[in-house]
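Mind assembling these two chains? They're in different frames, but the hints should get you there.
Respectively, the protein sequence lines represent chains A and B.
So the mapping is simple: my numbering equals the position in the first sequence, first residue as 1, plus 59.
So the mapping is simple: my numbering equals the position in the second sequence, first residue as 1, plus 5.
Treat the hints as calculated values from the structure; they're not laboratory data.
Where a beta carbon is used, it is the ideal one built from N, C-alpha and C, also for glycine.
Careful: at least some of the hints might be erroneous.
What the hints assert, rightly or not - Computed Cβ-Cβ distance ranges for the label pairs, DEER-style: (1) Pro130(A) <-> Gln384(B): 54 to 60 Å; (2) Arg246(A) <-> Ser43(B): 58 to 64 Å; (3) Gln462(B) <-> Gln158(A): 43 to 49 Å; (4) Gly271(B) <-> Glu154(A): 34 to 40 Å; (5) Pro552(B) <-> Gln158(A): 39 to 45 Å; (6) Ser366(B) <-> Gly209(A): 22 to 28 Å; (7) Glu254(A) <-> Ser522(B): 44 to 50 Å; (8) Pro167(B) <-> Asp177(A): 51 to 57 Å; (9) Gln448(B) <-> Glu254(A): 39 to 45 Å; (10) His118(B) <-> Asp177(A): 29 to 35 Å.
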Amino acid sequence: MRGSKYGLTALLLLSVLLSSTALRAELTVLAWEREPLSYQDHNRQAQGLAVDILKLLMEQAGEPYRLRFVPLNRAIRAVKLKPETCVLLLERRQEREAQFSWVGPLLVSRISLYSAADNPLSFASLEVAKEFTVLSHMGSGVGDYLQGMGFTVDYSNHNGLNADKLARQRAPLWATSEISARVLSQRAGIKAPHEVLPFMTVMEAMACHVGSDRLRQERLQTTLLALYRTGQIQALYARYGVSLD
Amino acid sequence: MKRLLPALGLFGYVCASPPAVADIAQLLLPQLQPTTLSEREQLAELRWFATAAQPYRGVTVRVVSERIATHAYEANVLAPLFARLTGIRVIHEITGEDDVVNKLNAQQDTGLHLYDGYISDSDLIGAHFRGGQVLALSDYMAADGAAVTLPTLQLDDFIGLPFSTGPDGKLYQLPDQQFANLYWFRHDWFARPELQQAFKGIYGYALGVPQNWSAYEDIAEFFTEHVKKIDGQPVYGHMDYGAHDPSLGWRLSDAWLGMAGVGDVGLPNGLPVDDWGIRVDGCRPVGASMARGGALDSPAAVYALSRYIDWLKRFAPPEAINLTFTKSGPVASQGQIAQQIFWYTAFTADYTQPDVAVVDSRRRPLWRVAPSPHGSYWQTGMKSGYQDAGAWTFLRDTPPERLNAAWLYAQFLVSRSVSLNKTLHGLTPIRRSDIFSQAMTQQAPYLGGLVEFYRSQAVHAWTPTGTNVPDYTEMANLWWKTAHPAIAGRISPQQAMRNLARAMDRHLAVLERLPGSCAPRLNPETSAQAWLAQPGAPKPALKHEKPQGVTLSYEDAIRAWQ
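Next up, chain B with everything else stripped away, as it sits in the complex (with noise of 0.2 Å):
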């Protein structure tokens, strides 16, 4: 990377002709190997974009995206590259996520033009679809932008399509790059036959890849209250955080409901109640408390609102609490962890990093990704776990030009010539043909399972925020809001999630007034215990929450993958 960008200088980011074919071979497909296309193949589809661009150069664009390893590797490598190439200068702002987010909504709030395109996640596809103001890129494709639209796009290769396609059929965002949450544990100490001793001698059961929570819990006060040092270092069953910060909310919305149980069978989400535990009628959302049918104050709500706070404060170090979701972010890979119940791998480049604790002398990890354990209210046929792609995202008010110019961009970043080679320094897979190339076959013993995982057909069981959550932005703020007040024992977890269903009740009838046939309405207030008496979500309390523990080996639980 730095033996290349110094030249870039030089050369300058506009030039006055298109490069010739042995410019861009010469110049850019060093850079950008390994590809899955051949050489013919990716020189053709180079030189596409290279005559495409052709009307734009000398155009500035100006997107924004999260700070994670893949967005870095974008803006410092591939985005000079792409201006080498089309003389499209790129402006590619790297940011906080909430921060991408307050920008996309400050855009459409105010009508200021701040960027051509943003790289956000598809969490937000239920407002994108309903609210008018996100370009349908379907459309576009189709009709304006059909000449700046790369013929070898091949959208079938997309992973994550479903994700940002919304109910009316329509693409609204194009994934960039794609992570899951799994569960993360010390593949090396799980493997130390006197820790497996010593657990079985006081569970019962081996010390393996936890299946449900009960297990989790177990290993977690295993590892915090019994084993406490391993090589002198103090060491931990739990890692999550607690600060009062937005990515509290993330936390709780991406992984803890949706696994305990809350919501129905069926995927993407469940239906007709999601793991938002907000009910839908059609595309229609009708509630998120019990009175209105909805699951968000339901014993399983309550449930994984409690073992969140229960575990941090018990099994996790004492600084969690503080923690938001970037600083707790690296300390796994510390080396003082031995199990994470929900981990995102978008860190998977920064865990495999030859210099952090947690790899090896041969650069293989001394940890693995595991499917992450199930809450007691979970059922078989519910979503398995999170993921989410970051999906570029264009505003239908965007200059045309402009417009044009940043989705050659977009395209440049997820077009077969580059993907993989961006996939092998970020780690965020978008397209199949990356998943199952050669080179992630020869990556994969020093990625811990993130290939595996992707190869499997389990990865269809892990999905995002679903489309019926119809504005994400304001209300993913009400769940830090209101959990907060529970994590600092100012109230029970039960008035935390009484509060939260209220709130997104009172914000969904705002809603009602969004046009569309998608729009909220709310049920009338009914009785929570009518609603319980009826199968599937709001589900009654169980009376036993915390079932045996169940373990498998690595090996077992991998297959459940298969």
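For reference, chain A alone in the conformation it holds in the complex (with noise of 0.2 Å):
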């Protein structure tokens, strides 16, 4: 990772010359439905922000890889046991680190407190909002983080279900990323709700089994952060209408 500051080009060059795809096994990538970043549309055909990075840097890096939408569990489960198979995506957190072999970060969220466009909340702290309950997703690192700070969470089985819930008041506040926000609004057909409060910045990686192949992952890192250097994830971002300023 940090061989990016200290000779980027040589790393690259080098990771260049041993890729070669013909000889390496094939990566499973095992994503979970998480629109707008990553899902499955009408066709079965694979569609999002966090999608379109994995082909860049699969591309980009030589990488043969199949993806396949699992529930996230499963996913987990399975990458624990598999080698040569990784999560696209899971929130790189302390109590995680040694569980996975990390490629990341893959994807940045801002996240914030939502309201219902109609119902235009307004808090200086978390702490003030603690007394609202704020709806978040099975899966999410964010409600864990929530939870644990003393808020009380909603937790839906997917993040596409809280807009409406949002909107017919089932809940105050919905924690969830911009892109998220605005495009399942949209989806759910209802007014783009009012930022609340931001309060968080989640990263993302592609966590992989324990064991796999210590050039490959490297080699892949090494491309990822030569992808950001060069601004082309930031372009995919902004294909999504996704700023992190």
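Shown next as structure tokens:
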């Protein structure tokens, strides 16, 4: 990871020399339904910002891979058991650090509390918002974070349900990223929600089996950082209307 | 706190013009008491912030810090006050320490603009001054940041400035909170006559504050294997943690090796071999393994890891081996632990809450802190413990407007207008003026020895990771990854330390490409025996690693701090 600072070019050249797709086993990447980041359209084609970033990364690194969609918990279980398998995406948290071999950050998201468009709440800090129930979804590290701080969190099966729940006032607040709030509200046919309080930046990564091929992991990491340095990943973000500022 | 915040919500973040002096006095002064400033001085300082921030009104800055009481107070109380005062909105994120470091690295590695400021441990100073990406605050304050640098900042009032200053004399980080690693014990249990008598009967000397690891081990054994229960509750003579997690590395690199006596005499970290077992030539790290003159695989290092594992398995609660730093932190406050060899004072606020089991009905702690005992290889003149400062860190490529606004927020949090009030909430003091304040004198009986420690001369012998560690993030990862197999019993402590020393050497070799005259340059591999035969570290194995235990009364142990 630190190689980017101390010899990115050399490592990149090395990675190109080492990459020979014909000789390497295909990597299995397990994604989970998480529109608009990773999902399957009506034709069962993989779509979303994270899917596009993965595609760019693998192409640049010359790595063959197979993308499948499975529920998150199944994906995590599979990655813990099977070498050359990865989850797209998982929040890189300290308690998970030792369980996986990581390639990231693959996606950086700004998380805010949102209220319904016709209920524009305002808080000066998270502490004040604690008395309100917050919508989140299963598998969300953000929901766990808020629960750990003493919030009451209402977990939906998937984030797509929360736009409607917010609009119907099942809870006054929804913790999610800007892109998810915007796209999922649009899908649900409701007005874009009101941003109440930005409070967290989440870095998610591709979490691979802990015994994954070390050279491949290094090659993917080096390639990923090069894609950031050349602005190609930021260009993908922009295509989805995402800015980190 | 709860009374104030809804009111702030009504006022909103941004005012059209700077608040009048009367507004500041009315709205902020009551929330920022006590202070070591006079009312006139405090008003003047707050007015300066309002005026200096005028070009940045409406700007939003994003900062991140670890999850401790001090930062929670900053994020929930002080950030909204600052917004009210200056019109600068602050998103102050709180997360795990590991996540803070990962984000700082990610911003440096990817070029993404994630945060305008980080509160990150000064352990990273060795990377900051070598890497060229972290802003040298001393340069900034004298030039581009002069107009937004608080005239009454009083840098010489900060106790932790040496931690965040590079060998080049430049200040890279500004301390925001500071904590030390001390010995912690149940003063009330140690004072019980029946326990004193029983201990003396078994071990032949008084139950008291252990001065060496032999005494610590005896006391641990006494409570876990002989006393077993107090007031009907199971008790343990030791507490630590051992989960396969990054925090395992911090425990070993912060404390165990340094206090075992792995390095050389000399402050802050030992010269020429430091408490990580890294040998340095000038400012250049030259090796960690004995074969290159380091001490990371030396007998003293193996002794440190062996004692850590042995005591964890024999004397700590059974669940301790599966706990992380965060999960193990509150355990001693639950009332079943007699002593803890390494205890972070950052937990003081949590351990003095009226509802915890280790505080009496008069709100006085049943515990005390004292100097940590020394291992057998430790010698007078070596560091006496670990201390660190969570410090403001800014990257050079931060947009100037955001940088200036974030710098104002940083200074607000450490200004004399705010710092005493903050210190009383978080108990992580950074300023000499706060430590010697009347308010801290009044609080001292309720803080278990924290104030006495910070008022002593001994505080200078507690130091953080030194500048010899050129890439803390990656090198800290090597500790937990290589040590855990020994904890799991898959390899011996000796093999683990050998693996660690080799891994460190390999990483130092990679870092030889760093720019500047302080980049590592490895010594050639020679015979470990040749280095062991020389004076200092690496030190040859002692014949007897467990000498007679020595204890002192609490009063005498504290006198050593005077």
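(message) For the hint 51 to 57 Å, verify it against the beta carbon of Pro167(B) and that of Asp177(A).
(response) Distance hint for Pro167(B), Asp177(A) holds at roughly 56 Å.
(request) Can you let me know if the beta-carbon spacing of Gln448(B) and Glu254(A) is within 39 to 45 Å? (result) holds (40 Å)
(request) With respect to the beta-carbon atoms only, verify the hint that His118(B) and Asp177(A) lie 29 to 35 Å apart. (result) holds (33 Å)
(request) Go ahead and decide if the range 44 to 50 Å is satisfied by the Cβ distance of Glu254(A) to Ser522(B). (result) Roughly 49 Å apart at Cβ, these two residues keep to the hinted range, so it holds.
(request) Starting from the hint 58 to 64 Å, judge whether the C-beta atoms of Arg246(A) and Ser43(B) obey it. (result) holds (60 Å)
(message) Against the range 34 to 40 Å, how does the distance between the Cβ atoms of Gly271(B) and Glu154(A) compare: consistent or not?
(response) holds (37 Å)
(message) Given the hint of 22 to 28 Å, is the C-beta distance from Ser366(B) to Gly209(A) inside that range or not?
(response) The hinted range 22 to 28 Å holds for Ser366(B) and Gly209(A), with Cβ atoms some 27 Å apart.
(request) Starting from the hint 43 to 49 Å, judge whether the C-beta atoms of Gln462(B) and Gln158(A) obey it. (result) Because 45 Å falls inside the window, the suggested range holds.
(message) Holds or violated: the 39 to 45 Å window for the beta-carbon distance between Pro552(B) and Gln158(A)?
(response) Holds, since Pro552(B) and Gln158(A) (Cβ atoms, about 42 Å apart) stay within the stated range.
(message) Looking only at beta-carbon atoms, does the pair Pro130(A), Gln384(B) fall within the given range of 54 to 60 Å?
(response) holds (58 Å)
Hint violations for this structure: none, all hints satisfied.
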